[in-house]
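Peer 1: Read off the chains here:
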Amino acid sequence: MARLTSDRRMQVYGALLLLPAAVLLGTFAYLPTVATLINSLFLPGFRGAAPEFVGLENYALLLEDRTFWTVARNNLFYALGTIPTSIALALGMALFVNARLPGRGLVRMAYFTPTILPMIAAANIWMFFYAPQIGLFNHLLGALGIEGPNWLGDPGVALGAVIVMTIWKEAGFFMIFYLAALQSIPPDLEEAADLEGTSRWSFFWRVTFPLLMPTTLFVLINALINAVRVVDHLFILTKGGPNNATNLLLYYVYENAFSFFDRTYAATITVVILLVLAVVATIKFRVLDRRTHYQ
Amino acid sequence: MNARFPVNKRGLAMAALLAAGSLNAQAQTELTMYYPVAVGGALTEVIDGLVADFEAEHPDIAVEAIYAGNYDDTRVRAMSAVEAGDAPQLSVMFSIDLYELIEQDVIVPFDDLVESDAEREWLDSFYPGLMENGRLDGQTYGIPFQRSTIVFYWNKDAFAAAGLDPDTPPETWAEMAEMAAAVREASGGEQWGVMVPSTGYPYWMFQAFAFQNGHRLMSEDGTEVYFDDPAAVEALEYWVALADEHGAMPDDTIEWGTLRQNFIEESTAMMWHSTGNLTAVRNEADFDFGVAMLPMNTQRGSPTGGGNFYLFKDASEEERRAAMTFIRWMTAPERAAAWSIETGYMGVSPAAYETEALRDYVEAFPPAAVARDQLEHATAELATYQGGRVRRALDNAVQAALTGQMSPAEALAQAQREADAALRRYAR
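Those sequence lines, one after another, are chains A and B. Letter by letter, the first sequence follows residues 128 to 422 of the working numbering. Letter by letter, the second sequence follows residues 1087 to 1514 of the working numbering.
Warning: the hint list may mix true and false statements.
[As the list claims (entries may be wrong)] In silico negatives: residues of chain B with every beta carbon more than 12 Å from chain A: (1) Ala1437; (2) Arg1445; (3) Pro1453.
[As the list claims (entries may be wrong)] Restraint-style ranges between C-beta atoms, simulated for each label pair: (4) Val407/A / Pro1214/B: 55 to 65 Å; (5) Pro1436/B / Tyr186/A: 50 to 60 Å; (6) Ala148/A / Asp1146/B: 41 to 51 Å; (7) Val407/A / Asp1146/B: 53 to 63 Å.
[What the hints assert, rightly or not] Covered stretches of chain A, as calculated for chain B (at least 3 residues, CB under 8 Å): (8) 248 to 259; (9) 270 to 284; (10) 357 to 369; (11) 375 to 386.
Derived by calculation from the structure, the hints in this document are not laboratory data. Built from N, CA and C at the ideal position, the CB exists for glycine as well.
The task is simple: from the sequences and hints, build the whole structure.
Peer 2: Here it is as structure tokens:
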């Protein structure tokens, strides 16, 4: 009897420990998710009428919505354009500033600065970099005798321009994780490798890179989430234009919810985004986890 | 009105407020108002100053004025507040939000509150052109406050350098294309002739072209649009031709946000832009510039733009009266005049231009009157039910045509189809 009570007590104790996190997650993650799912099954009420239950009609509309497919394709290119490059750049910068070089603190700070800037501020600066006649980039190109493009105004170039700015903004952030990971690698590994006469190249690929895998996995997931989650710069740079050339999924959700007042359609797109993200994250954890060595 | 917003009065206002509050706490009516700033600058300080002055004169009313970002942000903020059951009593919002606000059933017409003849007179005291976006079915929902039109800015030095008369702006489309091409040629390709912004609010600029071609893009009741009309197609063809045929305007879209800088750095000799930029251009340009009405094809024309005062539904009778008092005070001629001088926005009533302050200002700086003079040729800004979708469809069409993805006719036909689909439930 006494043992049972103590078991019980332990259970209650454990539940109480979980409670704060559970409440927060429930209120701010699961409840909105469920509400979004339910919302996506309705049509907004017409002229003050109650919303109308329509089942999967919104999803059928979504399949036929050409703008949605344009936006989804843009987002795929955006993810493919930003994720690998910013991770490779972050790793390169981390290796560089991890080495012994003069003014190391200063270089580290310089690399990290874009991360501290709010996205909106960064976008405002870059808008003037990209301005076709008066902007920095075309002035530099002009000095070389090249006539620069209309970076944000030409639908063939605009998405690329947005990708470049995003890489500049994100690489420094990911660098910090790599730098931390590099500093936790014990120096005796390198000393041992030096005694063996291992080349730096194979030391990197055989020792450093595998040891960084947990960080790479973490950064990869974060980069993926950011590719869908961060659209602040679009509000400043292009507003999704010209003619949807730079429109991304979350910006399209915002437009539907707050410009078009079509909350239920916005909910439908949100559910699709959640599904896709869940699938991709699952695959990443399954496939990469097997090849990841945790220390 | 020499000191336009006497700062020292603010302290007095606070004192008066505190005194009134402690003596007579129940009698004070508290109002909340959201307002946008769309052109940057220190406009929030101007508003705070006005509110403090008002509170000093009306100790029984306390106004909390909350800056809520641009027009879109303000709409989001206000609608979220309404949904959270914490609706403001009044707000300044985009004039074209009218249909959405009515559809969400959150605003009331001013006609419901008007009692005395003086108030009825006040309702009729504004420029009729500015009331178009505020009226529906004979009811007045929006009172003009920060209102603008598109005007034509030109660089007189660049005109002189190209052998043009620096004091004569183009009167017609053909003249503008010719003059712009002349400037471009004379500068050896260093300077563009003309720039019309095509991001941010492309539909607004396109409305000007269409109206100058004698065409109005939407019905009075906001249930139909006429994007694929031949007159509209012709208007878009002219806009595209400025770049393609006349070589006077750069290809692809032109950024709304950096255009003023283009003009100030003389990378373009002419631009179409909101009057809201006037004071900034005046302060920053180190060359001689002029401001004129937009050129015409079959007639002159520009859409109006900007923000109106709205009264929200979820308020007590007492709060509504107080809100009305505040709005009347804010739109009185002296305040409208001071506001116009401070920003470049229009004085919203003829009486504002008869005040000493604004009369003197216009005399010393004639460009300040162009927006007003253009008002008689103005049309309402594009506002319909499902306005967000309809405007976006037109924005896309304009950008698709300017970037060469579609011909003007194709692009406008597609926009028409999209708008028709969005409006199908509203046909009367």
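Peer 1: Tell me, which hint numbers fail for this structure?
Peer 2: none
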